[in-house]
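J.: Listed below are the residues making up each chain.
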Amino acid sequence: MQMANLIPVATTVGANKIVPTISIPYPLGDPATSPQEQWKLRYHRVGVALDALTADIQEQTVFKVKY
Amino acid sequence: MKKAIVYLNQFFGQIGGEDKADFAPVLKEGLVGPAQEFNRRLEAEVTHTVICGDNYMGSREEEAVQQILDALADKEFDIFLAGPAFQAGRYGNACGVICKAVKQRFKVPVLTSMHVENPGVEMFSKDIVIFKGGRSAAAMRKNIKAMATYANKLLSGQELFDAQTEGYFGRGIRHQVWRPDQKPAADRAVEMLLKKLKGEAFVSELPIPELEKVAIAPPVTDLSQATIAFATSGGIVPKENPDRIQSASATRWGRYSIKGLERLAGGEYKTIHAGYDPTAVDADPNVCVPVDALRAYEREGKIGKLHEYFYSTVGTGTTQAEAARMGQEMIEYFQNEGVDAVVLLST
Numbered sequence: 001m002q003m004a005n006l007i008p009v010a011t012t013v014g015a016n017k018i019v020p021t022i023s024i025p026y027p028l029g030d031p032a033t034s035p036q037e038q039w040k041l042r043y044h045r046v047g048v049a050l051d052a053l054t055a056d057i058q059e060q061t062v063f064k065v066k067y
Numbered sequence: 068m069k070k071a072i073v074y075l076n077q078f079f080g081q082i083g084g085e086d087k088a089d090f091a092p093v094l095k096e097g098l099v100g101p102a103q104e105f106n107r108r109l110e111a112e113v114t115h116t117v118i119c120g121d122n123y124m125g126s127r128e129e130e131a132v133q134q135i136l137d138a139l140a141d142k143e144f145d146i147f148l149a150g151p152a153f154q155a156g157r158y159g160n161a162c163g164v165i166c167k168a169v170k171q172r173f174k175v176p177v178l179t180s181m182h183v184e185n186p187g188v189e190m191f192s193k194d195i196v197i198f199k200g201g202r203s204a205a206a207m208r209k210n211i212k213a214m215a216t217y218a219n220k221l222l223s224g225q226e227l228f229d230a231q232t233e234g235y236f237g238r239g240i241r242h243q244v245w246r247p248d249q250k251p252a253a254d255r256a257v258e259m260l261l262k263k264l265k266g267e268a269f270v271s272e273l274p275i276p277e278l279e280k281v282a283i284a285p286p287v288t289d290l291s292q293a294t295i296a297f298a299t300s301g302g303i304v305p306k307e308n309p310d311r312i313q314s315a316s317a318t319r320w321g322r323y324s325i326k327g328l329e330r331l332a333g334g335e336y337k338t339i340h341a342g343y344d345p346t347a348v349d350a351d352p353n354v355c356v357p358v359d360a361l362r363a364y365e366r367e368g369k370i371g372k373l374h375e376y377f378y379s380t381v382g383t384g385t386t387q388a389e390a391a392r393m394g395q396e397m398i399e400y401f402q403n404e405g406v407d408a409v410v411l412l413s414t
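Chain order of the listed sequences is A and B. According to the working numbering, the first sequence is numbered sequentially starting from 1. According to the working numbering, the second sequence is numbered sequentially starting from 68.
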C-alpha cells in the first residue's frame with residue numbers, strides 16, 4: 001500500500017491501495033500547525049494505511065481520511 | 068582482433084526444425100548459419116557458435132544456461148550476439164535468457180534483435196539491448212547489419228547515442244548528454260508546446276512507460292500478528308548518508324535499523340532528496356517516516372511488530388526501471404526476514 005500526495009501519479013504507476021498524505025515536503029504533519037495537531041493527523045493517516053493492508057479490494061482504491 | 072560468439076537456435080543452427088527443438092546446447096568452433104554474416108559484418112572474428120534447441124531452453128532453462136556458461140567459461144570473447152529472433156517467441160525468450168546470463172557472468176556487451184511483437188521484447192528489453200528487428204528471416208541481413216554496426220561502435224569505443232537513434236528498444240535508462248545544438252531544455256519544451264498547440268507532431272523527450280498492472284496483494288488477515296515494514300522514496304537517511312544515495316536519479320537505496328527507537332530524531336536523520344524543500348522533514352523526520360505513530364500502533368497491539376529497519380531511496384528523476392530493480396532488491400530482505408506487509412510513502 002502506498003501513502004502519497006500526488007494521487008494521480010500513484011494511480012498511474014499502478015499502486016493499488018493509496019492513502020493520501022498532506023503535501024510533498026511534509027507528508028504527515030504540517031509544521032505550521034501545533035505538534036498535537038501534527039500527531040493527530042499522522043497517527044490517523046498511518047492507522048488508515050495499516051487498516052488498508054487488511055482491506056480486500058478488487059480495484060485501485062484511494063482510502064478516505066478524516067484529518 | 069576482437070572476438071565474438073554467436074548464439075542460434077536449432078533451426079538457424081542447422082540442426083533441424085521443430086522435431087529438434089529439444090536439442091541440448093553445443094558450442095561449435097567456427098561459423099554456422101547466420102554466424103557467417105555476423106563474421107562478415109563485424110570488425111571482430113566470430114570464433115564460436117552456440118546452438119541450443121528452443122524447447123530445451125524453454126523447459127530446462129537453468130540447465131541450459133549452466134551448460135552454456137560452462138562451455139563459454141574458458142573462451143575469450145569481447146561481445147556476445149544472439150539471434151536475430153524475429154517474431155519467434157521461444158527463440159526470443161532463449162536469446163533474452165542467454166544474453167542476460169552471459170552479460171551477468173562475463174561482463175561483456177550482449178546484443179540481440181527481435182520483432183516488436185516478440186514477447187521477449189517485453190521480458191528482456193529492460194535488461195539487454197534488443198534491436199528492433201523484422202518479422203521473419205527475410206529481414207536477416209538487415210537485422211544482422213544493424214546489430215553489427217552497433218557492435219562495431221561498441222568494440223571500437225565510438226560515441227553511442229540513445230536507443231531511438233541507434234535502433235534498439237529503450238531500456239528505461241537515462242543518460243546525461245551534451246547536445247551538439249546546445250539548445251536549453253526550456254527552449255525545447257516551449258517549441259514542443261507550440262507544436263502541440265498548433266496540432267503539429269512532436270516527439271517527447273520523456274516518454275512515460277506504459278502502465279504495467281500490478282496484481283493486488285492479498286489482504287493481511289491478522290494485523291495484530293503481522294510484521295510491518297516501512298519504505299519511502301523521500302530520501303530519509305542517517306545524517307552521514309552511509310550508502311551515499313544520490314539526491315536525484317537514484318540508483319542506490321539503504322535500510323536503517325530503528326531497533327529501540329521511539330521516533331526518528333531531527334539532526335540524526337535528514338533527507339537527501341533534492342526534489343523538495345527539506346526544512347520540515349529535517350526538523351522532524353517522522354513526518355516522512357512515521358516511526359512514532361508506527362510504534363504507538365505496535366504498543367497498542369494493532370500491529371504485531373514493526374520491522375527492524377526502514378527502507379529508503381530518492382524518488383526524484385528515478386526511472387521506473389531503476390525503481391523496479393530497487394524494489395525487487397528490497398523484497399528479498401522482506402521475504403527473508405518475515406515481513407508480512409509494507410507501507411510505502413512517496414513524496
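I should point out that these hints are in silico values taken from the structure, not numbers from a laboratory. Treat the hints with care, since some could be wrong.
[Said to hold, decoys possible] Cβ pair distances, simulated, as ranges:
hint	chain 1	residue 1	chain 2	residue 2	range
1	A	Thr11	B	Ser291	24 to 34 Å
2	A	Thr12	B	Glu189	17 to 27 Å
3	A	Ser23	B	Lys174	40 to 50 Å
4	A	Gln60	B	Arg238	44 to 54 Å
5	B	Arg246	A	Ala55	43 to 53 Å
6	A	Gln36	B	Pro247	53 to 63 Å
7	A	Leu6	B	Asp229	38 to 48 Å
8	B	Ile283	A	His44	37 to 47 Å
9	A	Gln60	B	Ile398	52 to 62 Å
10	B	Pro251	A	Lys40	26 to 36 Å
11	A	Ser23	B	Lys326	27 to 37 Å
12	A	Glu37	B	Lys326	26 to 36 Å
13	A	Pro35	B	Ile283	14 to 24 Å
14	A	Gln36	B	Arg319	29 to 39 Å
[Unchecked claim] Within a straight-line C-alpha distance of at most 30 Å, the following computed DSS-like cross-link-like pairs (lysine-lysine) qualify:
hint	chain 1	residue 1	chain 2	residue 2
15	A	Lys66	B	Lys369
16	B	Lys193	A	Lys40
17	B	Lys280	B	Lys337
18	B	Lys372	A	Lys64
19	A	Lys64	B	Lys280
[Claimed, not checked] To list a few chain A residues with every Cβ distance to chain B over 10 Å, as calculated:
hint	residue
20	Pro8
21	Lys17
22	Thr21
23	Gln36
24	Glu37
25	Trp39
26	Arg42
27	Val62
28	Val65
All C-beta atoms in this analysis are idealised placements derived from N, C-alpha and C, irrespective of residue type, glycine included.
J.: Of the numbered hints stated earlier in the document, which are not met by this structure?
T.: Hints 4, 7, 8, 9, 10, 13, 16, 17, 21, 22, 25 and 26 not satisfied by this model.
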